[in-house]
Amino acid sequence: MAEPALAEIWVYLSASPLLGLTITLAAYSVAHRLYVFANGNPLLNPVVTSIAMLIVFLLLTDTSYADYFEGGQYVHFLLGPATVALAIPLYQQAANLKKLWLPLSITLFSGASIGALSAVLLAKFLDAGLQTQLSLAPKSVTAPVAMGISENIGGIPSLTAAFVAATGIFGAIVGTKLLALLRFKDNSTIGVALGLSAHGIGTARAFQVNSEMGAFAGLAMALSALITAFIVPWLVELPWLVN
Amino acid sequence: MHYLNGLTLLLIYQLVGEVSTLALRLPVPGPVLGMVLLFLTLVIRGRSSTALDSGANALLSHLSLLFVPAGVGLMVHFDRIAQEWLPISVAVVLGTMITMASTAAIMQVSTKLLAKRS
Chain A
1 MAEPALAEIW VYLSASPLLG LTITLAAYSV AHRLYVFANG NPLLNPVVTS IAMLIVFLLL
61 TDTSYADYFE GGQYVHFLLG PATVALAIPL YQQAANLKKL WLPLSITLFS GASIGALSAV
121 LLAKFLDAGL QTQLSLAPKS VTAPVAMGIS ENIGGIPSLT AAFVAATGIF GAIVGTKLLA
181 LLRFKDNSTI GVALGLSAHG IGTARAFQVN SEMGAFAGLA MALSALITAF IVPWLVELPW
241 LVN
Chain B
244 MHYLNGLTLL LIYQLVGEVS TLALRLPVPG PVLGMVLLFL TLVIRGRSST ALDSGANALL
304 SHLSLLFVPA GVGLMVHFDR IAQEWLPISV AVVLGTMITM ASTAAIMQVS TKLLAKRS
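Respectively, the protein sequence lines represent chains A and B.
Under my numbering, the first residue of the first sequence carries the number 1, and numbering increases by one thereafter.
Under my numbering, the first residue of the second sequence carries the number 244, and numbering increases by one thereafter.
Derived from the structure by calculation, the hints contain no laboratory data.
Check each hint, because a few of them may be wrong.
[As the list claims (entries may be wrong)] BS3-like mimics (lysine-lysine), calculated; alpha carbons at most 27 angstroms apart, straight line: (1) A:185 x B:355; (2) A:124 x B:355; (3) B:355 x A:99.
All values reported here derive from a predicted model rather than from experimental measurement.
Isolated chain A (complex conformation) (with noise of 0.2 angstroms):
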């Protein structure tokens, strides 16, 4: 009988955690093939394409996420190292950012309100609940920061994820096209910009456009995480601000 001992074996993996390791590098090799294979177009950016995969493949085997996340908490795991890792394209910017310090710091830090008060005035006005609006307030920011950031104010981090995908996303794909149109020229204006609202997608969508742009949109990236991450908290302890 061949049917209970596939069942047998299901009820194996399903228990252990190799499962949900194994589908969460095979999902993003797939997605990672395919967005190379279209040419880095945002619309299949791979974090979205593989979630997607792995999310209908958990419905459909009735897998439930703290089964998953049993084996995926090991890949999660890494956002920690991959925080700290950050500091050193911020040091390899070094002479940008000794040039450009004063105008940088105060763009980056009226910047980052800007992202974590639109969000929240915007979806407060429309009625969001609470929560997201929290999740919310700090999804320009790149996500292993943002996730941290949601978590700390009582935001839910995985919705974050999602918000902060989504935003690289748009951000990526309008972004060019709408500082055009607002006729701003210089690279590290555009590159800031990029950075700051669409983290690490709007930083590979400036690579694409030119290096200099790329460098500053990676550094106005690690720099608008950092910033944020010092006045979301801040914030949010506003009484008119997230209620």
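Knowing the structure of chain A, use the given hints to seat chain B on it.
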């Protein structure tokens, strides 16, 4: 072997960051503080190392993979998204455009006024 040493260093900085944020009750995520400390170390030291560069590169070259497991957690929140799709999409679309345009404007004006002439 190089990248293992680099990875170990990253974990040490994360550990210091996590412990400090807990001990000092800072509102920042521990890894973010670890990033700041590592950046300051590099600035003081004046250079990075091959071990650190390869450890960081191993993690950052596929950064997007790392947030897939959390993103799958979306399946738990389908109801919320179905209920609040309007505020969520407006916040993402309009909020991102506002942020992008105002950031570019502020950067352009402040660079013109304040950048050091080199």
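Hints, verified against the model:
The straight-line distance between the Cα atoms of residue 185 of chain A and residue 355 of chain B is roughly 13 angstroms, inside the 27 angstroms bound, and the hint therefore holds. Straight-line distance between C-alpha atoms of residue 124 of chain A and residue 355 of chain B comes to about 36 angstroms, which puts the hinted pair past the 27 angstroms bound. Taking the CA atoms of residue 355 of chain B and residue 99 of chain A, the gap is near 13 angstroms; set against the 27 angstroms cutoff, the hint holds.
Of the numbered hints stated above, the single one contradicted by the structure is hint 2.
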